Each structure stands twice: as structure tokens, then as C-alpha cells.
Amino acid sequence: MANRLQTEQIQRWMAQGKSPEQVFGLLKLNKLLPISWMSSDLFTKPGLTTWIKYLDDFNEANPDKKTTLISILSSRYSDKALANMLIEANKIQSTSSIAKRIQAEQTQLWLKIGKEPEDIFTLLQLEKAGDTLFENPLFSAWIKYADDFRLLHNTDLATMPTLTNHYSDEVVAKMIMKAYENPNTKNIAKRLESELQRDWLFAKQSPYDAFIIMNLDKTLDNVFEKTLFHIWYNYGLYVNKMNLGQNWNPAAALTYIYGGDGKLADVLMAAEKVPSTKAMATEMQNWQVTLWLHRMMKPERVYSLLRVEGAAADDARRYLYREYVGAYEEVKRIRSRNAS
Numbered sequence: 001m002a003n004r005l006q007t008e009q010i011q012r013w014m015a016q017g018k019s020p021e022q023v024f025g026l027l028k029l030n031k032l033l034p035i036s037w038m039s040s041d042l043f044t045k046p047g048l049t050t051w052i053k054y055l056d057d058f059n060e061a062n063p064d065k066k067t068t069l070i071s072i073l074s075s076r077y078s079d080k081a082l083a084n085m086l087i088e089a090n091k092i093q094s095t096s097s098i099a100k101r102i103q104a105e106q107t108q109l110w111l112k113i114g115k116e117p118e119d120i121f122t123l124l125q126l127e128k129a130g131d132t133l134f135e136n137p138l139f140s141a142w143i144k145y146a147d148d149f150r151l152l153h154n155t156d157l158a159t160m161p162t163l164t165n166h167y168s169d170e171v172v173a174k175m176i177m178k179a180y181e182n183p184n185t186k187n188i189a190k191r192l193e194s195e196l197q198r199d200w201l202f203a204k205q206s207p208y209d210a211f212i213i214m215n216l217d218k219t220l221d222n223v224f225e226k227t228l229f230h231i232w233y234n235y236g237l238y239v240n241k242m243n244l245g246q247n248w249n250p251a252a253a254l255t256y257i258y259g260g261d262g263k264l265a266d267v268l269m270a271a272e273k274v275p276s277t278k279a280m281a282t283e284m285q286n287w288q289v290t291l292w293l294h295r296m297m298k299p300e301r302v303y304s305l306l307r308v309e310g311a312a313a314d315d316a317r318r319y320l321y322r323e324y325v326g327a328y329e330e331v332k333r334i335r336s337r338n339a340s
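So for the sequence shown, full-length UniProt numbering puts the first residue at 1; every next one is plus one.
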């Protein structure tokens, strides 16, 4: 009965040519001022869905007088108040669809007036999200906004500069590695790692600089257990790819950081015995052997550095040493042939 009466009332308002702004007031929705700057009960009122239906019908019947939800709501609420109302409404299943529609309109309005992605990031309180930032649906929406803003206004990409304005590079890197663990945020992690690499390169940060920025130098005893080590290693490979003519070798960097070939070799041998670090340690050992081969280090010295003496027949150190000797002799033959 109530629904039928409401439908009849809506039809009368339409016949009378009432504007959506007027109907907003007639439904007493304009009486719902924010309870605080954080929230309002607007989205819990049944009159809201009635008003939205009226606005859609009005726009269809009056294409020359079309209006939007956001234009009416933004005349009654500040950007901050409305954004917070939408954040809360997004958390509730019964109001999330309405919130998403209004949010989409709000985004288009912000793009039109040129609201900076940095301002929107703060407005949506994304700087308070912490470790769960990349899982926040509003973050995905913000990334799309930043992309659209860049295309529309021909500006530099604002994603990473905004993140590093609110979080340290180390924290951003940790967020990226955590996001890799979740299938729902893996693509975001991949994109943002790429952007972080690019920003470091543009800022002329060397892989060594990145190592220090992420405080990896303070965890040398167990650095291979740190997820940030992967960020550092990937950045070094990226530098190799982008800087033609330069060959970055992580073993050379780590040799400097650890203070010598022997110390690094010992650390790698220890890490190779731990299941969680075995793969990375083995990869670093291969880099170290490549470095030694580049220097044409004598096999006797490598034998000593790898502590092969006394090792079991099936020990990885013996295998690594045999590989080195084979490669060393091959390089010697090639050089001898080229010299003659």
C-alpha cells in the first residue's frame, strides 16, 4: 500500500514538472544533515532510492534538463563529508551499489574541475589504510582516477609520487611485496613495483642506494629472508635492462656491502642450507661465480673461498667449484686462441 501511494505521488510530481532538487526536499532528504563530518544517515533512508528513481525518470523525460546525483548532493555536502559518507556506505551491502554509482559521478566531476590525485588520496583517507591499502577497493578506484587524470590533463603519473609523499619507500616496497601474496592484488603489486623502479631510476638512485633506502644494510645477518631483498634484486635487473652498456652484478654489490668475497661466500653458503632462502642464495652464488670468472680469479682462490676442502662429495660447494673450473679453463682457451 505504501509503495503504491509513493508511486502515485512520484507520478504526480512528474506531471507537475517537479525538479529532482525539489523532490529531494519533498522527500525530506534535505533534512538529513551530516551527523558529523564523518557520516550521515542519508544512505539508510528508503526515500533515497525513491529519489534516485525519480531523477532517472526525470532525466529520461526531460533530456534538456538532465541533472546528476552528485550535482545535487555536492551542493548540500562538502567533498570531505560526502566522500566519508560514501566510504561508510561502501562497507554495507545494502547501500554499496548506490554509493558506487554516486562515487562514479563524483569522480567524473573531480576530473572535470581538475582535482589533483594527491587531494583525492587524502580525501578518501587512503593515507590511513596502512598495510591493507592495496586491498582497499577505494585504492583501486583512486588508481583509475589518477590514470584518467593524467590522460585528461596531460600530467605526469601521480601514483607513486603520491604514495611516497605519505609513506617511505621502504614501507611502499613492503606493501608491494605483501600485495604479491594476494591473487586479488597481485596485478596492482606488479604495476606499482614497476613504477617504483622507474621513479628510482629517474631519481638516479643506484641499486646500492635502493639497498640503503630499504634499510637492508641493517639486516645483513638474514637479508635473504627479507621480502625487500627481492625488490632490490629486481631493481638491479631493471637497471641492467634500462642502462645499455652497464652490467650490474648483485654479487659485486653484495661483496662490497659484506666487506669481501669470503664473507659473502660464507653468508651465501649458510643461506643455501635454509629452505626458504635456498633458491635466492643459489642464484646469488651463480652471480658470484660469474663475477669471479670476469676477474679470472685463480681456481685455488675459489677453492679456498668456497671452503671446498672437507666438504662431502655431494656438497653444493664441490659442484659450484667444478662448474667454475670448467668455465675458467674454457675462457682461458678462448683468450689463448684469440691472442694467437
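There could be a bad hint or two in this list.
What the hints assert, rightly or not - Derived pair list, reagent style DSS-like, types lysine-lysine, alpha-carbon separation capped at 30 Å:
1) K174 x K273
2) K100 x K115
3) K66 x K53
4) K80 x K28
5) K174 x K112
6) K144 x K218
7) K218 x K115
8) K178 x K190
9) K80 x K115
10) K65 x K128
11) K66 x K128
12) K174 x K241
13) K128 x K53
14) K28 x K45
15) K174 x K204
16) K178 x K112
17) K178 x K53
18) K218 x K190
As the list claims (entries may be wrong) - Derived Cβ-Cβ restraints for the label pairs, each shown as a range:
19) G17 x H153: 14 to 22 Å
20) Y303 x M177: 49 to 57 Å
21) P299 x N338: 18 to 26 Å
22) N30 x K128: 27 to 35 Å
23) V325 x V171: 55 to 63 Å
24) P275 x V171: 48 to 56 Å
Treat the hints as calculated values from the structure; they're not laboratory data.
A quick note: this is a predicted structure, and the numbers were derived from the prediction, not measured.
We put the beta carbon where it would ideally sit given N, CA and C, even for glycine.
Of all the hints numbered above, which does this structure not satisfy? Sort the numbers upward.
5, 6, 7, 10, 11, 13, 16, 17, 19, 20, 23 and 24
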